[in-house]
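Engineer: One letter stands for each residue in the lines below.
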Amino acid sequence: MADKVALNRQLLDTITSMEVEGLVDSRFRMVYSLKEANGPFFFAELIPTFCSDAQTTIREMTLALEQPVVNYHEMEELCMKIKGGTSCIGAHQIALACGDLRHAIDDRSKERCTVAVDAIRHEFLKLHSKMDIVLQLERMIISHN
Amino acid sequence: MVCNMETDLIEDMDIEGLPSMWPEDIGSDKQFNVERPGGGQDMLEEVTIPEDQTIVDFKRLLELTNYTDKGSSQMAYLVKHWEYRQSNAVRLLREELDNLSRQRQESELKKLEILEEHRFEEEGYGGDKRPISIMDELSDMWKDVCPRKNDVVFQSKRVEVDAEYDTVEYWKQRALDLEKMLEASGQREQALMEKLNESVTNLEKQSSPVEELSQILKRADNFLHFVLQNAPVVMGHQDKELRYRFIYNHFPSLHEEDILGKTDVEIFSGAGVKESQDFKREVLEKGLPAKREITFETELFGSKTFLIYVEPVFSKSGETIGVNYMGMDVTDQVRKREKMAKLREEIAVQKAKETELNKTIHITEETMRAKQMLATMSHEIRSPLTGVVSMAEILSNTKLDREQRQLLGVMISSGDLVLQLINDILDLSKVESGVMKLEAAKFRPREVVKHVLQTAAASLQKILMLEGDIADDVPIEVIGDVLRIRQILTNLISNAIKFTPEGKVGIKLYVVPEPPFAKEGLKQKSKAYQSATDAVKEEKHQPKSQTASDQNGFHDKKHGEGYQDHKHDDDPGTPVSHGNSMDEDLEATVWIRCDVYDTGIGIPENALPTLFRKYMQVSADHARKYGGTGLGLAICKQLVELMGGRLTVTSKVHCGSTFTFILPYQVSPIEENSDDPDDLSDMADQDSVTDDVTAGFFQFQPRTLGSLFSSNGTSRSKKLLPNSIGFASAHKVNGFSETSYSFPSNNRQKETAPLEDACSVAEVAETLSEPESSFSHSPEPENETEVSRGKQCHVETTSWFQNPATESTSHSEANREMIQTSKTNEPQKICEMQEKPDRISQSPSSSSAEVPETKPKPKPKILLVEDNKINVMVAKSMMKQLGHSIDVVNNGVEAVHAVQCQNYDLILMDVCMPVMDGLKATRLIRSFEDTGNWDAAAEAGIEQAMPSSGSSNHFKRIPIIAMTANALSESAEECFANGMDSFVSKPVTFQKLKECLEQYFP
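Sequence order for the protein chains is A and B.
Quick note: the first sequence, position 31, residue 31 per the UniProt record's numbering, numbers continuous.
Quick note: the second sequence, position 638, residue 638 per the UniProt record's numbering, numbers continuous.
It is possible that part of the hints are untrue.
Unchecked claim - Keeping only pairs whose Cα atoms sit at most 25 Å apart, straight-line, the calculated DSS-like set for lysine-lysine is: (1) A:LYS126 to B:LYS869; (2) B:LYS286 to B:LYS262; (3) A:LYS35 to B:LYS869; (4) B:LYS859 to A:LYS35; (5) B:LYS876 to B:LYS859; (6) B:LYS956 to A:LYS35; (7) A:LYS35 to B:LYS876; (8) A:LYS35 to B:LYS399; (9) A:LYS130 to B:LYS869; (10) B:LYS111 to B:LYS180; (11) A:LYS35 to B:LYS880; (12) B:LYS956 to B:LYS920; (13) B:LYS351 to B:LYS339; (14) B:LYS508 to B:LYS652; (15) B:LYS399 to A:LYS4.
No wet-lab data here; the hints were simulated from the structure.
Could you put together the complete structure from these sequences and hints?
Structural biologist: Here it is as structure tokens:
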């Protein structure tokens, strides 16, 4: 039991540090808190879903930008998709980068799109490592149950 | 031989000498600068010049030449010139004479020579030894140069002499020849003499001065005529009295006798004549030449513009004796010039217009950008803030001790305050950038006033009397943007309270005749409302049962209040007669004036003009003492003006201020059994319509100092009365006896809290020490919502939780009970109230917030249409936490299928989705509800999955809530236009979701 408390604290500390770093905003904690009502597996399921989702979207965006003629409509949809997911989970930095991407898409600037997608990927990788830690902790907590 | 030679010589002379020494015409070219001879003369001859055009008064001309400076100098010049020519001629003649005499001498010399030669020959013939020894060389030389020719001639001549030399024959022949030569010489002499005579006579003929002069004059005249023959020029001379003495006009329209001796004024009449006359007189007086352009408008030659040059003419003694006048017709030029000016002006105007247009375009672009920025702003700022608040919200869900809960309360209310501030700024910029749209909704002014006052009273920390006085003629229900009106009222009231240390603050409402600014205002207003009117009806779509319970709740409260302040409200039951009359004129506009008065510190006169400006406060001292950003009044004013009204203020320092705004409202008929009460009147009581709806006077008064006290620093209770510090008691106006505010109430916090949590996090702080029932804290949530999102539902929230406990069959009883309690003000009420939270508190603490155990109400079926997995997961779990389970589909097509297969009570619809977006899906669903078939969906390519499970006559309207990422009202309108009932902006928070659900599942 003491282990679990320690793990919980560790997890919360990790989340706090992520918040301090600006990687995530308060929504992340809120989403985390949702597990209380939705069973212990909620968060442990949500994070991988989010990560694979974001990874796929980023890959698709990269592919779309590699085309000789960029399909901005597709880009817009992908951008909205990733922004929806990230702002929902509270991945603040990625959501911000998505804002930049959106502007670049609006301006039909391939160059800026590429930069923005790079930024998104960068932010995602930063977040991803932290998410892994969180996920591991969460799994440990679950296993303690 | 000699004779030939002589003739040659003379002929040479004739040719060479005369032309070079005899200039054809002296002076004429100098005078007129014209090549006179040859072509020029011919040209003149070709041109026929009618001479009668010059009209000359010869006598006058003579006078002129005699008396004027110019004339005399001209004469003198002519004379001088003539003299010069004369002397020249004399000189030439003399030269000629010299020439002739020289020739004569020469010829005589020759003659002598010839004679001598012959004598020599004779002498030589006589004696050859002529003493010329010394001269030999000379004679040789002579022979070398001159006689060579002669030799040849002589030799040839000599050949003619056939006779033998020195014979008689020879001499005879020789003599004959010489005689002949002499004869020829004599003849030549004669000819020369004749020529000389001729020249002399010629000379005499030419040299007549008058002839010369007149010829020159004539030439000048001809030249002038030639030059001026087609020029639009008039020349003239006028004497001292400005009578014409001379005029030259190529196109005369008057005869000589009509002009000479008359002045301009006597000749013409019409515009410009007088001016030219005056101008000439001016020149005459000043003695200086001048030019002027004068437009004539005369009968004689119509409208013409002349450029007139007038110069004075002086006599020898220097006095002006008249003017020379020269006029040139420049009508065409003037016309062209005017046209040019006009064109230039037009171009300038066009350019100005263009710049204006560009500016407008620029402004439009700016506005668009501002709009864009607003959308971003509202989203970017609100999202993190909502994050903070929802964080706190979640935190309040956890187990906390009292202190933590209080801190949390501060946190939440501070967050709300920031949110309010941001909303204020956004509102202001929205109004300014023209993005602000007004909504038109039915509402009851009395309710609004009451709620505003209740809200104010709830957070009151001063001994202030709050009163509301609504005139009888104010309609019960009117249509307007109730949120904005509340905003204005709340703002003004909170201002009034802030600046009023003691006395009273109140709102007065009464109908006024249409004010003078009404027309423009009305136009503006109708425009502003236009877009919103459609949406209104749908907003009012609410289940009946909820209304009833709300109304009950309200009814109870009303009574409670009534008994709290027993002094007033003594006539709550009198219905107002005009209520019915209002039914008849449905769309009438009524102008209602609202005075918000206080007995506060007042506003100095010099601060009045800047009062409504942004970020302006009366003085820096005030800002320090009372706080605030100075935005409130600016927003109020902008809002009032947006709605087509006027906001004014009158104030007296130390006596108080009155803020007055007059607004137009549409009057709506009162529905006796309203199925769709608007979002405010849903608190109104249908059971006791007669009391509440028409009650015109409310008063809220702090009962005791103790109960005034606020337990901690909530957002709206920053200043505490010093003597009440230390009490942790309810700060509300309530019906508790003095003892009830102390410790027991604090104990109850725990029990109350869960209820509060479930209802509205924002009110936690304020309800901490508040043990009483839902209705007495209802002003609080009202305030919260008004301030933050403008959505009301807390009251409903309350009833949502309240309802299960007091179900339809029993609620009247419960009401009565409550009335009883509030009436009697006895501890019994506390017990009752305590009991209630107990009951309710169980619900939120369990994973399902709903209380199905106590009530057999079926769970509402909710459909979530959302494509984003993460969003789905989060929304689903949030709903679960709120006690709802939901079905999820991923796009519009699936949503339509889902609706075809099942009946849903609510749909949460994402707007942007692949395959089919939320707007279209909504349209299809609405079309089904309207027509009862899925034809529209079939047309859109969706096959009906299964026959609708609902009965054929069951086409109830499913509430559809849009979920959009755009926070601007624009997209809200789009949602409404497509048949959606309301919208939640993303990312969805607990608060928003809850509000929304509460609206539909009370």
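Engineer: Look at each hint and say if it fits the structure.
Structural biologist: Hints and how they fare:
1. A:LYS126 to B:LYS869: Distance ~22 Å between A:LYS126 and B:LYS869 Cα, so the pair holds.
2. B:LYS286 to B:LYS262: Given pair B:LYS286, B:LYS262 holds - Cα atoms ~22 Å apart, limit 25 Å.
3. A:LYS35 to B:LYS869: holds (16 Å)
4. B:LYS859 to A:LYS35: Measuring from Cα to Cα gives roughly 22 Å; hence the hint holds.
5. B:LYS876 to B:LYS859: holds (15 Å)
6. B:LYS956 to A:LYS35: violated (35 Å)
7. A:LYS35 to B:LYS876: Within the cut-off at roughly 11 Å; holds.
8. A:LYS35 to B:LYS399: Answer holds: A:LYS35 to B:LYS399 is near 16 Å, not above 25 Å.
9. A:LYS130 to B:LYS869: holds (21 Å)
10. B:LYS111 to B:LYS180: Between B:LYS111 and B:LYS180 the Cα gap is close to 13 Å, so the pair holds against 25 Å.
11. A:LYS35 to B:LYS880: Distance ~10 Å between A:LYS35 and B:LYS880 Cα, so the pair holds.
12. B:LYS956 to B:LYS920: Judged against 25 Å, a Cα distance of about 19 Å means the pair holds.
13. B:LYS351 to B:LYS339: holds (18 Å)
14. B:LYS508 to B:LYS652: The hint holds at about 18 Å.
15. B:LYS399 to A:LYS4: holds (18 Å)
Checked against the numbered hints given earlier, the structure breaks only hint 6 and satisfies all the rest.
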